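2 protein chains.
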Amino acid sequence: MNNFEFRCPTKVIFGADTISKLKDEIPQDKKILITYGGGSIRKNGVLKQVKEALEGFNYNEFGGIEPNPKYETLLKAIEMVKNEGYDFLLAVGGGSVLDGTKFIAAASKYEGEPWDLITKGVEVKEALELADVITLPATGSEMNCGAVISRLETKEKFPFISEKVYPKFSIIDPKTTYSLPEKQTVNGIVDTFVHVMEQYATYDVNTPLQDQWALGIIKTLLEEGPKVLREPQNYEARANIFWCATCGLNYWISLGCVQDWATHMIGHELTAIYGLDHGETLAIILPSLWRVMKKDKMDKLAKMAIQVYGANEFLPKSLLADITIKKTEKFFHNIGRKTKLKEYGIDPKEAAQEIKRRFSERNTVLGERQNITPDVAYEIVLNA
Amino acid sequence: MNNFEFRCPTKVIFGADTISKLKDEIPQDKKILITYGGGSIRKNGVLKQVKEALEGFNYNEFGGIEPNPKYETLLKAIEMVKNEGYDFLLAVGGGSVLDGTKFIAAASKYEGEPWDLITKGVEVKEALELADVITLPATGSEMNCGAVISRLETKEKFPFISEKVYPKFSIIDPKTTYSLPEKQTVNGIVDTFVHVMEQYATYDVNTPLQDQWALGIIKTLLEEGPKVLREPQNYEARANIFWCATCGLNYWISLGCVQDWATHMIGHELTAIYGLDHGETLAIILPSLWRVMKKDKMDKLAKMAIQVYGANEFLPKSLLADITIKKTEKFFHNIGRKTKLKEYGIDPKEAAQEIKRRFSERNTVLGERQNITPDVAYEIVLNA
Numbered sequence: 008m009n010n011f012e013f014r015c016p017t018k019v020i021f022g023a024d025t026i027s028k029l030k031d032e033i034p035q036d037k038k039i040l041i042t043y044g045g046g047s048i049r050k051n052g053v054l055k056q057v058k059e060a061l062e063g064f065n066y067n068e069f070g071g072i073e074p075n076p077k078y079e080t081l082l083k084a085i086e087m088v089k090n091e092g093y094d095f096l097l098a099v100g101g102g103s104v105l106d107g108t109k110f111i112a113a114a115s116k117y118e119g120e121p122w123d124l125i126t127k128g129v130e131v132k133e134a135l136e137l138a139d140v141i142t143l144p145a146t147g148s149e150m151n152c153g154a155v156i157s158r159l160e161t162k163e164k165f166p167f168i169s170e171k172v173y174p175k176f177s178i179i180d181p182k183t184t185y186s187l188p189e190k191q192t193v194n195g196i197v198d199t200f201v202h203v204m205e206q207y208a209t210y211d212v213n214t215p216l217q218d219q220w221a222l223g224i225i226k227t228l229l230e231e232g233p234k235v236l237r238e239p240q241n242y243e244a245r246a247n248i249f250w251c252a253t254c255g256l257n258y259w260i261s262l263g264c265v266q267d268w269a270t271h272m273i274g275h276e277l278t279a280i281y282g283l284d285h286g287e288t289l290a291i292i293l294p295s296l297w298r299v300m301k302k303d304k305m306d307k308l309a310k311m312a313i314q315v316y317g318a319n320e321f322l323p324k325s326l327l328a329d330i331t332i333k334k335t336e337k338f339f340h341n342i343g344r345k346t347k348l349k350e351y352g353i354d355p356k357e358a359a360q361e362i363k364r365r366f367s368e369r370n371t372v373l374g375e376r377q378n379i380t381p382d383v384a385y386e387i388v389l390n391a
Numbered sequence: 008m009n010n011f012e013f014r015c016p017t018k019v020i021f022g023a024d025t026i027s028k029l030k031d032e033i034p035q036d037k038k039i040l041i042t043y044g045g046g047s048i049r050k051n052g053v054l055k056q057v058k059e060a061l062e063g064f065n066y067n068e069f070g071g072i073e074p075n076p077k078y079e080t081l082l083k084a085i086e087m088v089k090n091e092g093y094d095f096l097l098a099v100g101g102g103s104v105l106d107g108t109k110f111i112a113a114a115s116k117y118e119g120e121p122w123d124l125i126t127k128g129v130e131v132k133e134a135l136e137l138a139d140v141i142t143l144p145a146t147g148s149e150m151n152c153g154a155v156i157s158r159l160e161t162k163e164k165f166p167f168i169s170e171k172v173y174p175k176f177s178i179i180d181p182k183t184t185y186s187l188p189e190k191q192t193v194n195g196i197v198d199t200f201v202h203v204m205e206q207y208a209t210y211d212v213n214t215p216l217q218d219q220w221a222l223g224i225i226k227t228l229l230e231e232g233p234k235v236l237r238e239p240q241n242y243e244a245r246a247n248i249f250w251c252a253t254c255g256l257n258y259w260i261s262l263g264c265v266q267d268w269a270t271h272m273i274g275h276e277l278t279a280i281y282g283l284d285h286g287e288t289l290a291i292i293l294p295s296l297w298r299v300m301k302k303d304k305m306d307k308l309a310k311m312a313i314q315v316y317g318a319n320e321f322l323p324k325s326l327l328a329d330i331t332i333k334k335t336e337k338f339f340h341n342i343g344r345k346t347k348l349k350e351y352g353i354d355p356k357e358a359a360q361e362i363k364r365r366f367s368e369r370n371t372v373l374g375e376r377q378n379i380t381p382d383v384a385y386e387i388v389l390n391a
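The listed protein sequences derive, respectively, from chains A and B. Oh and the first sequence: position 273 is 280 in the working numbering, straight run, nothing missing. Oh and the second sequence: position 381 is 388 in the working numbering, straight run, nothing missing.
Please keep in mind that the hints were generated in silico from the structure rather than gathered at the bench. Misleading hints may appear alongside valid ones.
[What the hints assert, rightly or not] Straight-line alpha carbon distances no greater than 30 Å define the calculated DSSO-like cross-link-like pairs of lysine-lysine that follow:
id	chain 1	residue 1	chain 2	residue 2
1	A	K127	B	K18
2	A	K301	B	K89
3	B	K175	B	K89
All values reported here derive from a predicted model rather than from experimental measurement.
Pulled out of the complex, with its shape left as it was, chain A reads as follows (with noise of 0.2 Å):
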């Protein structure tokens, strides 16, 4: 086991009816901003929750954040932070409005370019406090102190990470996931799978019970995933959905081991150039990125054909690889999702182009290895 370092300040208020709670975890002398997005929250009443929550309390609204959210959108809400001068932001919705509230949350503190928060490493010395309601089990960004930004103009997408923009306390409240676009259920349940993998299937460090947690989600979300697809009312699969999201990307199940992340980074530009959902790129590289680094990744996906997919443990390790593979596109398929770029009408050879040319330009190389050079991305989008 490597050595590590953790703390995850954030308080979990997990359950059904728990958006009341609000009015107790936010100070009254609060001047907040409740940050959200295209205004789902409005149609399945969890705006309406949040406001009688709320009652009593000072505070304003920026909605407009968007799937994937935009530099110039969070730009606006910075600017309207500063003038009016809230000290605490309430993130209402999925991961991309939680994403983009942990961003104005630092770049409301810092007076240079916000830009350079994200692309030149400047630290983040402060932030406002920040919370949320999360209604989408997806990106596990309720525990975590992450987020991923686009920018428009550029086309580009990056991740941002600082300790600063923990949230204060995330309330999950599995019934806000009821009403949800089916494609949006299915595009959470590849998102953890993927943010499993990407912490999982790398080299082994002598990690059997990080292992074990992280092949845990997994085989919750084979048996739950097609569970809430089937019932989409049914409490405790949406929970116990919900939960995996938030345990897939904690930090929990990685804790003293390797990570790859190959997977997003090279997701991340099909969403930029293509606009494809975030799931659905996680689900076009995951299994192509595994045929070209299978070598690499043997082990890993030896171990998981055996405990999660029941393999014959006796099999060629090879062979194993091959099942875990073949099983997991399998199972993209059954919940619905698509696993290859030309099932979307994007030429497999241009988007391989255009991927390598902007890693090239950037000096990119990924994987846990730092083996997957643009000529290797180039390769593994080519068979995407």
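Guided by the hints, dock chain B onto chain A, whose structure is given.
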């Protein structure tokens, strides 16, 4: 899944040679009291490492906190803290030292009779800052806000819980466990095993992920436990066992689950009356409690037989539960732990009568269904 709230503010610093990081974690202006136990940290060099890290800091020492920390001893430390004005406590040692230090932290800020914090449920409003260098994988105290305190005078042993006594940070260096006497290594494995079972082996409220995680700890203990006993200086095995112990009681495996803790409460009485080690009492009580309460715990014990002990899933549940009970006893024996009162020269009838008397006097009922009355406890101890 039940609703839950969770927040653990402790920073974990895990790995080889991490004690030197103390200097970065404690503010320079603190007046520190280092608390420890019987002096093993002098012999194994841990105290030396701590003092080297705190070169230039203002600190003093309080030694002599016993296993099953005694109220009478802790009162002396509380007096010392109040008289000499320490504002940071650093526990160096095992769970007992840390538990005692948690109590010192709370009682030093309380003006009434300290024992009331334990038995009268007086709320802790404030506590001194505390942190630890934990050297024994067992109690999980390093990432939770609980403690267990004993009173010599009245032969009592009670839990003490307050969110105010979460450690600010915990340094876990698995190398500090190389020199543990075998008996303590075994106690730690048993303690971790039973912690997990107190949170897992109850009734099912649909928590598949938490169940996987709980059983993941058990599987890791079964694999890595014998390894540390064979090779006490195997770093990887020591690291895995320590991380199992920490995760066995940092609440991650039981969020939204139903908990028991009857084995612990009965075991505490055996320690209080006969002076048995905590780990010794647990290995005695757990199998007997499972036999007496088998009907209530059948589903989870059966699931464990399949997932941990490789039993055939088509066997009847009752038989599967028996397999778990027998295989667990066998595991305790294999790592050198007795599972019967008689093996310690204790008369089960006498013990059962005394424990029944105590529980009746205090109106104690235990178990996840609150159906372990003093009479049921009598039966459990009698058969132990």
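For each hint, the structure was consulted:
Between the alpha carbons of K127/A and K18/B the distance comes to roughly 27 Å, so the proposed pair stays at or under 30 Å and holds. Restraint check: the Cα-Cα separation between K301/A and K89/B comes to about 62 Å, which exceeds 30 Å; the hinted pair is violated. A C-alpha spacing of about 21 Å is found between K175/B and K89/B, which places the hinted pair at or below 30 Å, so the restraint holds.
Hint compliance for this structure: hint 2 is the single one not met.
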